[in-house]
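Colleague: The primary structure of each chain is shown beneath.
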Amino acid sequence: MGFPLKEGRRRRGARAFLALAALLTPAAASGQATGRILGIVRDASSEAPIVGASVRLLDARAQALTDAEGRFVLAAVPPGDHTLRVEQIGYQATTLEHVTVHAGEPAILSLTLTATPLDVEPLVVQAERGRLIEPDVTRSHTIVAGEQLRELPLDRVDEAIELAPGVSDGHFRGGRVGQETYVVDGLALKDQLSGSEEGTALELSPTSLEEVDVVTGGFGAEQGTLSGVVNLVTRRGDPDRWTGRSTLLTDAWAPSSMYHGYTGLSASVGGPVGFVGDGSTLFVDVLAQGEGDADPRARGLTCVRQDDVSAELEPLVASLRADAPALYCPYTADALPNQRGDKVIGFARLDRPFGRDLSLTTSLLYNRAQQELYTPELKYQDSHSLGTRSDGALFQAALDYVTHGSGSANHYTARLGLMQLDRQIGVIDPAWADGRAGLGPFSFGSYRFLGEDFVHEPIEDQLRSGRAVPGYVAPSAGVGSPFGPAAEGIFVTEGTSGIASWSQTRFLAADLVGEHLAGDGSAFRAGATGRFYAIQSYERVQAYLPASSLDYARFYPATLAAFADFRQVISHEFEFQFGMRTELFRSGVTASEDRADYLAPEIDASWKATLLPRVGVSGLVPGTDDRVSFRFSYSRVAQPPDFQYFLDTALGDSLRTDVKRQGNPNLGFERGHSFELGMGAIVTPRIGVSVTGYRKQLDRLVTGSLDFGGTETGQFNTGDNGTVQGLEFTVDADLRLARLKGSYTLQKAEGLGGDVFGDSVANPTTAEPFPLPFDQRHAIDAALFLGRAGGVEDAPWSFALTATAHSGYPFDRRRAAGGGAVDSAGSAPYLPWTAVLDGRASLDLGTLPGCGHCAWRVTVDGRNLLGRANVVALRHDSGTLSPTLATVQDLADQVELDEPIPRESSRYAPAVDLDSDGLITVAEFRTARQAAALDRQDPSIYYGEARQVRLGVEVAF
Amino acid sequence: MRAASAALVLLGVLSATGCRDVGAAFEPEPREPLVPETLTRVTFQVAADRTPAWTEGGDSIAYVTGHYQPLAAAPAVPLVLSLAGGPAVRLVPGIQGGATAAQRVEMFALAPGDSVVAYVVLSPLRETACQGTAEVTDPVPLVSATVAVRAVDADPPQASDPSITFDLAGYGFEPKAGEPQGGLWLADYLPFQQAYRDQHTSVLRPSFSPDGRRLALSDGQRLVIWEPATGDTTVLGAAGEAVSPAWSPDGQWIAFAQPVRVDSATSDRIYYSEMGAVLCAERRTTYTVDWSVSVVRPDGTGFMSVAPGRDPAWTPDGELVYLDPDGRLHLRTLGAATSTPIPLTAGARAPAVSPDGRTVAFELGFAETTDIWMTPLP
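Those protein sequences? They're chains A and B, same order as listed. With my numbering, letter number 406 in the first sequence gets 399, and the count goes up by one each step, no holes. With my numbering, letter number 115 in the second sequence gets 118, and the count goes up by one each step, no holes.
Don't read these hints as lab results, they were simulated from the structure. Each residue gets a CB set at the ideal place from its N, CA and C atoms; glycine is no exception. One thing to keep in mind: the hints can contain errors.
[Claimed, not checked] Covered stretches of chain B, as calculated for chain A (at least 3 residues, CB under 8 Å):
(1) 38 to 51
(2) 80 to 93
[Stated by the list, open to error] Ranges between beta-carbon positions, derived for each pair:
(3) D300(A) x A349(B): 50 to 60 Å
(4) D300(A) x G60(B): 47 to 57 Å
(5) I934(A) x G101(B): 42 to 52 Å
(6) A102(B) x P463(A): 27 to 37 Å
(7) P463(A) x G89(B): 28 to 38 Å
(8) S312(A) x T291(B): 53 to 63 Å
(9) A349(B) x P463(A): 55 to 65 Å
(10) M278(B) x P463(A): 32 to 42 Å
(11) M278(B) x A319(A): 51 to 61 Å
(12) P319(B) x S312(A): 49 to 59 Å
(13) D300(A) x G100(B): 49 to 59 Å
[Claimed, not checked] So the derived list for chain A, only partly shown, Cβ under 7 Å to chain B, looks like this:
(14) Y373
(15) G473
(16) R896
Can you make the complete structure from the sequences, with help from the hints?
Modeller: Put into structure tokens, the structure is as follows:
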């Protein structure tokens, strides 16, 4: 029995690709939950159009008739492989298998029927699935199909998104994290409160998805975004039978150097639920994952090694190695301590048709992610760990109404979404941790934080009580580290961290969208959407102090948008797209009219509005034998700023400086213009290439650095501007034994502002170009699929390999702009290149013993297989992995010993008593303090992902 | 059935994962245990650590320190240090808090079972006997002492501890015409005062009877038997001038040190203000003393002089360890004609024998830099 994970098969050469691609049809609109099938039916001998032929899907309810030109449209087709039947009296019925539909895109078919006077068996043919260029698409996008998601070496969907050209570390074409929009089954979803830090709001497991479409340019009018759209389409249950699969992956077997305590259990099942209604299906997916080291780094817990240190620091390191060898790099491990984590993702989707035209889709997504947060100053703290927990749920209901006419279709969708997302950061209650029920790093229950109930009490009560957060204890470090009392002020080994914060985002979303699809490929789509939020944000940074200050906000932002998208096919060769989007938002924050005067009257932030035209054209280049296509698009793009910018906040930027910024409830849109021009070409029937040039002019970016036009220094405003321009080259090869996707991106992202260092600006009126934080000049991404993953249907094995090589981001924007070093000179302005090779291989083992309907296979999954220690950040003070001597000495000098510490003192540490005479002298103390200060500069977090290898078993039925 | 086996295999893999830990957290290096192989130093502080006493189990040594950082205001604090490792902790955490944080608590004794402690609060101390001047001179005589008992882990306020207070001899005022302030302030360094002034000897130290019900103590000149539960006191007048009592393990004897005055010297001194005005006059008397160790029955009978020496302590077998005039600790059987010097104890004071009789702890060093040491008994 073959392993049934790969859904559908491919028969090569069944139909020439170009014959399909030459039929021009309307281009796709991103962010939709369903796709469509467009086609033409002709007589096989005369090539005359066949009028009135019935075209229907055998595995879904869509059915249409061809018009006078033989054209048909099937709308609201679920993504995935479908079987289509074409029938007309006098012709032999034809069944076309494996018609692949992507969400928001048309599947283009050209069919011929053979005239026959007899009632003969239907002819079965296979559709060609691969499309190496898309002459009918005006946008830049990458689709990762569900079957690839299940073959690729990835734990999270965002790892698949990273494979798209122009996406790196969550940055879309040089944009900030959070400038992209995530769309789940048509519903735009984003943690608008702190998207720039957290990205997507809720996570879906890779196995719950039918496909992922990553759009980086040429956005339609339906979505408001600055940098990108990620369209996630979930799976639905098989309407004919129950299917399911379960996977267990673990590194429990691995040697300690590659062991990170990873175990992931994933299961999904779906099938018909006739008792709910005829044709109803249910799909359920669960992912539970635990990690002993939730953020494994290539060099684990490490220290400033001798080969890391700068020349000025070398004498200090040498003296430590000579005088106090036990205190130099006293504690290293392959995994970071206090970094345990786990997550649970649950998803259920119910599809319920009502008759032929109406269907209801409801889904529920649940997330619980929690982990301890490794921080260098807490690495010797074993009684209290800092941790975070997020709990979220999204309920979605969508009502689709579809009517199919002859060569046309209408499709209407009404959608409702409810989301709640809670994030908590604080000190994990040690009593809870001691009694924790779990399996390895996986906790059955949710993390419990010290004083969690207290910090959720009404703020007025908290302020009135004047209490510290219960359970929080002032931090100290007399004992518990290798440096004993010398760690005071450098490490925290007693007491707790002071952080207690939480936030809650709730929103109600409502969308209404309608579209008309014409048989000639033209389409009109329009709709309106609204999001109504309730936000709470709480932060207390010295929670162990009674009456310590706290920041709290509760406000109700809202966004409204309407759009219209029109696509017209001209002369069967070109497509023209015009869209218009209008968007409004208000922060919902009430603020003092004059921030400097607390007695000033309060005002409500006003509504902001913007109008966003989109234009695109695409088609085949004449005279190229239909082998070359082009596309051009222009979009005016905008999005409301992250809601956190409405509030005072400590913002960490790429320079690792946390500067308190003043919130601005009256912020406007972040906006810009986006242009792109792309060409695609068929090199051989199985190799396609494309090149895309783009330029984004960003003229209203949020910044907190400067005073612009009368705003206050340090207040968030939309005063930054910049440009991102680049070239993307892709190659897509669908070879006989393998499939290869590769891309190279050349990019430059530059800002123009007064200064990038904010509050310490000496001359705020000086304008100079500087690299935007995520200016990544070169990026190479490749994915290779072999065996069954590469399309060899009878192969008992499958192999997928992904490789990335990226040049580094600017780690110091002023230095990168040629402005010289801040505190040191001579180091490179950009981070070094990183390269990662991941792979996943599986071998079918046939039928599972004891279960005749089950197939099983074993899998090996490896990350960073080359074991490369990628440097992903450098120190701001030195521009290297090495701290400066001044940094180390300043930290060491903050505390001096006023009297020797005897052996019987609670502060005594044997390791610090270098001569073991029972007394820690002032000199010994200072030596230990220097060692502690050096150890505190632990460069672990400056490294990328560690090498990991996991073994797994997968069972499917 | 086979599916169940497969499920069990999966469960086994998960369980194996659950049993494996990702990198152990840092474990601080422990302090090595103190083993009295030869001469072993117990405390290392650059300040005075004095008067060791063993806990009943013999695994810890209690002592008084002249500097304890968490109680910086207190000139003397009783601590207990486990020989197995770890820091010294307060022996009686419930005292020397709040208003009593600056108390000088010395000369403690542990009752059998270690759950009750007797301690002495020496107060008030003055900078000089001569009132009216802020000039700091030599330590002045002790003025009074309060002996109290307390459960070591008790919570009640210190003031509620059963106690007995003595006004100590040696400090006074003698009216005399013609002197400033109408007389002379007396600083009479009686032998017990002088022993305390020179070496902080535990002259007043209490010592529990083996049943823990009574205490033998000294008011500087006489031995007193005090029963805290009833408050009854008995003065053992027959013993004469006696300090540093030690109740024998069998309860039959109380050993003590007897000062024998050999000579004395008296001097008067006048204190002036910075402007030259006469403030007051002080008369100071000091003594030359020979010490001897004696024993007496708890009822005051059976007095017996044992040997020249001081700081007597009992071994579990009923032998005496004391500081011989030769500057070393000696071991002597009661009634024996000779004693055995204990090696490596030159300069030692205030011996205390471990409950197993194998080790003697003592203080060693200069007045302000004394530490606790220990060495095996021969």
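Colleague: What hints, given by number in increasing order, does this structure fail?
Modeller: Those not satisfied come down to hint 10.
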